[in-house]
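> The primary structure of each chain is shown beneath.
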Amino acid sequence: MEGMEQWKVQVENWSSQLRELLHQFLQHVHQIPPAQLYAAIAVLSLTTLFLLSIRLFRRKKSNTIVLTGQGGSGKTVLFYQLRDGSSHLGTVTSMEPNEGTFILHSEASKKGKIRPVHVIDVPGHSRLMPKLDEVLPLAAGLVFVVDALDFLRNCRAASEYLYDILTNASVVKKKIPVLILCNKTDKVSAHTKEFIRKQLEKELDKLRASRSAISAADIANDFTLGIPGEAFAFTQCQNRVTVAEASGLTGEIAQVEEFIREHVKP
Amino acid sequence: MLEQLLIFTRGGLILWTCKEIGNALKGSPIDTLIRSCLLEERSGAASFNYDAPGAAYTLKWTFHNELGLVFVAVYQRILHLLYVDDLLSMVKREFAKIYDPKRTVYHEFDETFKQLKMEAEARAEELKKSKPVGKPVSNGKRQGHGQKGGYDGGNKDRSEGGLANDGGDGDGEGEGHKMGNGYANGNHIGAKDSKMTAVVKGKENTSSNNGAFDVNKLQKLRSKGGKKTDTVDNKVPKVDTKKKITKKNRVWDDKPPPTKLDFTQTVDGKGNGNDNVHDVEEVHGESMMDIEEVVSSESESEEDEEVGKESKLDAKKKGWFSSMFQSIAGKANLEKADLEPALKALKDRLMTKNVAEEIAEKLCESVSASLEGKKLASFTRVSSTVQAAMEEALVRILTPRRSIDILRDVHAAKEQNKPYVVVFVGVNGVGKSTNLAKVAYWLLQHKVSVMMAACDTFRSGAVEQLRTHARRLQIPIFEKGYEKDPAIVAKEAIQEAVRNGSDVVLVDTAGRMQDNEPLMRALSKLVNLNNPDLVLFVGEALVGNDAVDQLSKFNQKLADLSTSPSPRLIDGILLTKFDTIDDKVGAALSMVYVSGAPVMFVGCGQSYTDLKKLNVKSIVKTLLA
Ligand SMILES: Nc1nc2c(ncn2[C@@H]2O[C@H](COP(=O)(O)OP(=O)(O)OP(=O)(O)O)[C@@H](O)[C@H]2O)c(=O)[nH]1
Ligand SMILES: [Mg+2]
Numbered sequence: 001m002e003g004m005e006q007w008k009v010q011v012e013n014w015s016s017q018l019r020e021l022l023h024q025f026l027q028h029v030h031q032i033p034p035a036q037l038y039a040a041i042a043v044l045s046l047t048t049l050f051l052l053s054i055r056l057f058r059r060k061k062s063n064t065i066v067l068t069g070q071g072g073s074g075k076t077v078l079f080y081q082l083r084d085g086s087s088h089l090g091t092v093t094s095m096e097p098n099e100g101t102f103i104l105h106s107e108a109s110k111k112g113k114i115r116p117v118h119v120i121d122v123p124g125h126s127r128l129m130p131k132l133d134e135v136l137p138l139a140a141g142l143v144f145v146v147d148a149l150d151f152l153r154n155c156r157a158a159s160e161y162l163y164d165i166l167t168n169a170s171v172v173k174k175k176i177p178v179l180i181l182c183n184k185t186d187k188v189s190a191h192t193k194e195f196i197r198k199q200l201e202k203e204l205d206k207l208r209a210s211r212s213a214i215s216a217a218d219i220a221n222d223f224t225l226g227i228p229g230e231a232f233a234f235t236q237c238q239n240r241v242t243v244a245e246a247s248g249l250t251g252e253i254a255q256v257e258e259f260i261r262e263h264v265k266p
Numbered sequence: 001m002l003e004q005l006l007i008f009t010r011g012g013l014i015l016w017t018c019k020e021i022g023n024a025l026k027g028s029p030i031d032t033l034i035r036s037c038l039l040e041e042r043s044g045a046a047s048f049n050y051d052a053p054g055a056a057y058t059l060k061w062t063f064h065n066e067l068g069l070v071f072v073a074v075y076q077r078i079l080h081l082l083y084v085d086d087l088l089s090m091v092k093r094e095f096a097k098i099y100d101p102k103r104t105v106y107h108e109f110d111e112t113f114k115q116l117k118m119e120a121e122a123r124a125e126e127l128k129k130s131k132p133v134g135k136p137v138s139n140g141k142r143q144g145h146g147q148k149g150g151y152d153g154g155n156k157d158r159s160e161g162g163l164a165n166d167g168g169d170g171d172g173e174g175e176g177h178k179m180g181n182g183y184a185n186g187n188h189i190g191a192k193d194s195k196m197t198a199v200v201k202g203k204e205n206t207s208s209n210n211g212a213f214d215v216n217k218l219q220k221l222r223s224k225g226g227k228k229t230d231t232v233d234n235k236v237p238k239v240d241t242k243k244k245i246t247k248k249n250r251v252w253d254d255k256p257p258p259t260k261l262d263f264t265q266t267v268d269g270k271g272n273g274n275d276n277v278h279d280v281e282e283v284h285g286e287s288m289m290d291i292e293e294v295v296s297s298e299s300e301s302e303e304d305e306e307v308g309k310e311s312k313l314d315a316k317k318k319g320w321f322s323s324m325f326q327s328i329a330g331k332a333n334l335e336k337a338d339l340e341p342a343l344k345a346l347k348d349r350l351m352t353k354n355v356a357e358e359i360a361e362k363l364c365e366s367v368s369a370s371l372e373g374k375k376l377a378s379f380t381r382v383s384s385t386v387q388a389a390m391e392e393a394l395v396r397i398l399t400p401r402r403s404i405d406i407l408r409d410v411h412a413a414k415e416q417n418k419p420y421v422v423v424f425v426g427v428n429g430v431g432k433s434t435n436l437a438k439v440a441y442w443l444l445q446h447k448v449s450v451m452m453a454a455c456d457t458f459r460s461g462a463v464e465q466l467r468t469h470a471r472r473l474q475i476p477i478f479e480k481g482y483e484k485d486p487a488i489v490a491k492e493a494i495q496e497a498v499r500n501g502s503d504v505v506l507v508d509t510a511g512r513m514q515d516n517e518p519l520m521r522a523l524s525k526l527v528n529l530n531n532p533d534l535v536l537f538v539g540e541a542l543v544g545n546d547a548v549d550q551l552s553k554f555n556q557k558l559a560d561l562s563t564s565p566s567p568r569l570i571d572g573i574l575l576t577k578f579d580t581i582d583d584k585v586g587a588a589l590s591m592v593y594v595s596g597a598p599v600m601f602v603g604c605g606q607s608y609t610d611l612k613k614l615n616v617k618s619i620v621k622t623l624l625a
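The listed protein sequences derive, respectively, from chains C and Z. Take the first sequence: its letters are residues 1 to 266, numbered as in UniProt numbering. Take the second sequence: its letters are residues 1 to 625, numbered as in UniProt numbering.
Each hint should be verified, as a subset may be incorrect.
[As the list claims (entries may be wrong)] To give a feel for the contact side, a few chain Z residues facing chain C, derived at Cβ under 8 angstroms:
hint	residue
1	G11
2	I14
3	C18
4	R35
5	L39
6	R396
7	D405
8	H411
9	K414
10	L624
[As the list claims (entries may be wrong)] For each label pair, taking beta carbons as the anchor points, the in silico distance ranges come out as:
hint	chain 1	residue 1	chain 2	residue 2	range
11	Z	N531	C	D205	23 to 33 angstroms
12	C	P266	Z	A345	46 to 56 angstroms
13	C	P266	Z	N531	51 to 61 angstroms
14	Z	E391	C	K175	24 to 34 angstroms
15	C	T224	Z	Q445	16 to 26 angstroms
No lab work stands behind these hints: they were computed from the structure. As the structure is a computational prediction, the values presented were derived from the model and not from experiment. The beta-carbon is built from N, C-alpha and C at its ideal position, and this holds for glycine as well.
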């Protein structure tokens, strides 16, 4: 009982002290000129905002891999090979991107924590090109799929597509690595990756001339390609451009997976 | 015979094909359908014809927009299969039940499909026989079926309704709005009402998700004081919340029965992500059947009245509040009827921008086809959803299908030591010669040597006009007066260009009305004889509805009067007088849509420098502004 009483008194004491303090503080605040007060508040809130935004911007490195290339080159098959290790019943022309965040099928049995990969398969139909511009800025790596079987017929169109990608602002600025993937190598008549690389370089070289002429008009590419006065080679690109082979249909996609893991660390 | 039926995702993964039919298709009809029809905003059409060596196919399709699925049937054109639409919509409905985005294999659908196909064939047969008798008869029959067994019967009901209603309509988007219509028409469909409900139920029965199942029950039970709700709850505890939502909506919404359908579907979608889908399916299969029967036998008269009262009540309460609620809840599945006002407004807006009516109509159909059944996102209005879809469609159309890098093509031709030949065609007075000169000027600026060919041997003064331009630009001109056949003049001009090493030959032709048979024949001859690298259609940006007629007739005549099996058509468009049209930029859209050819140049003034490329983004912005 006694203790209780005493305790009550104590509490009352404290609270009066507190009230006193608060009063003093308020008086003090009143003495400060308002301009100064506002400035202090502004500084305080700005710093918090700043700290917060740093938090936000220093996000994890992107884990997005974008599959792109002409229609029929085998992107969707590749997407499902990466995800499920199977091309299921086959594919038809895509009308919308396929997108998924998953652990690569080949790594599914691995132990330990593996970082999933966010893969986007952008349809090749040129009417859907605007979609590509949306996803390029997100990419940690870009796989440009080329049909090695029917390459010669598509060479020019593929080069034009590749030109647009290699001169795209985000690709150049962020130095997004590009893998040129010669697909469908399960067939013996497929062209070799060396042949394809050379042909693409040749075509891109020509495009460089005509495209830079066009830039006065509407379709202005943001950046020019390669070094002026020198024959174009992929090694001149700011970003890393490599060539690899694969067969999506039969699941020989080790080189793509290697590329993905190089740029999206497990 | 059906050649093939495929179910695939919009992403392009084939989920199911009929192995039993198993015919290898000749050519690639599906890819062609997607590339040249579905991706070209022509999916509002009823069917698509595909010809390959040794095959003439007709393709029909339907979308399930909410699930992002496409259903395509392929059959020999000569067969005029009547049941295809019916079958497609049934397949769609049945497949939607078992679809799970996580799954990629659906072997169990083989059996279902067999059944569906047999039924569809039988119905088509019946319909053929009893055509003059019409609906009532088939209605009666349907009901007979319905009593036979819940789920099958249910399906028959629905699809027959579809068939009777619109026969061979390619819309295929059966049940939703059709049922809606039925309800909206009045209460005379009391009997139908309960039957329809039964249909929905039947669906939920086999449906892989509990959510839909319960909501449905609920709607039925609600009118009976919700006696059975607790059983439902026991089985699927989750549903509670959903149930409440539905209830509220029912009260506030303006047309009860369609909403009923709506919400079923809505919840449907949600349930899909559910993992224990399959268990639920099995557990509930039978019990649902039971309830269904109870309901359909009891409630015919009751529900009739109920609906009547409710619709009156709802009519009062409807308005912005309900739509507001819907937009906040953000879960209503879009129906054709919901889309219509927004689409109508959009169509009118496009038409004020001078888009040909026919084109605006087709675009709206296509947008509608791509949105029907989709769920409205939270805090969005139908109109903004429609607008966004339209914007996407417009960008898609106006984005050139092939490269329009002429300079690259010129260089390619140069490598082969051939001149690059451009033929300018179009109706009278659109500014062919003037813009030909502008193109010449632009080419000259890029160090390409140009030659003009004066092949307008029809209109007096045309040659002189071109000569003036040639002199000003200091480029050679090939002319042969007025007497000669323009096709021959062009040929000689090209030969001359080869001799003097010109990189490009720009061929001016006489302006001609699209209906002028002799002149069109002459043009076709010129094009076929010289096989130019580019047939450039010059059109006025001022034209409205006529744009469609001009371009389609030009293309048609070029094709008809051609002697070769693969006729040359219009490859590109030059739009003139673009500076005079303010925001009425619709002609660009109409022309591109009709011909599938890109706008390669835009003429926008009097001087040689007034030639631009089309800015797709700004055009789309203007069109929708
Ligand atoms: N022989 C062979 N064929 C392949 C391979 N990969 C894909 N294909 C075939 O190529 C065709 C097109 O493949 P998709 O993956 O659908 O092509 P895509 O790149 O997604 O095409 P779009 O969706 O139109 O952009 C299909 O018929 C595949 O069977 C491969 O590695 N080898
Ligand atoms: Mg694809």
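> Take the hints in turn and mark each one as holding or not.
The hints, checked one at a time:
| no. | hint | result |
| --- | --- | --- |
| 1 | G11 | 4 angstroms, holds |
| 2 | I14 | 4 angstroms, holds |
| 3 | C18 | 11 angstroms, violated |
| 4 | R35 | 6 angstroms, holds |
| 5 | L39 | 5 angstroms, holds |
| 6 | R396 | 4 angstroms, holds |
| 7 | D405 | 6 angstroms, holds |
| 8 | H411 | 6 angstroms, holds |
| 9 | K414 | 11 angstroms, violated |
| 10 | L624 | 15 angstroms, violated |
| 11 | N531(Z) - D205(C): 23 to 33 angstroms | 28 angstroms, holds |
| 12 | P266(C) - A345(Z): 46 to 56 angstroms | 52 angstroms, holds |
| 13 | P266(C) - N531(Z): 51 to 61 angstroms | 56 angstroms, holds |
| 14 | E391(Z) - K175(C): 24 to 34 angstroms | 32 angstroms, holds |
| 15 | T224(C) - Q445(Z): 16 to 26 angstroms | 18 angstroms, holds |
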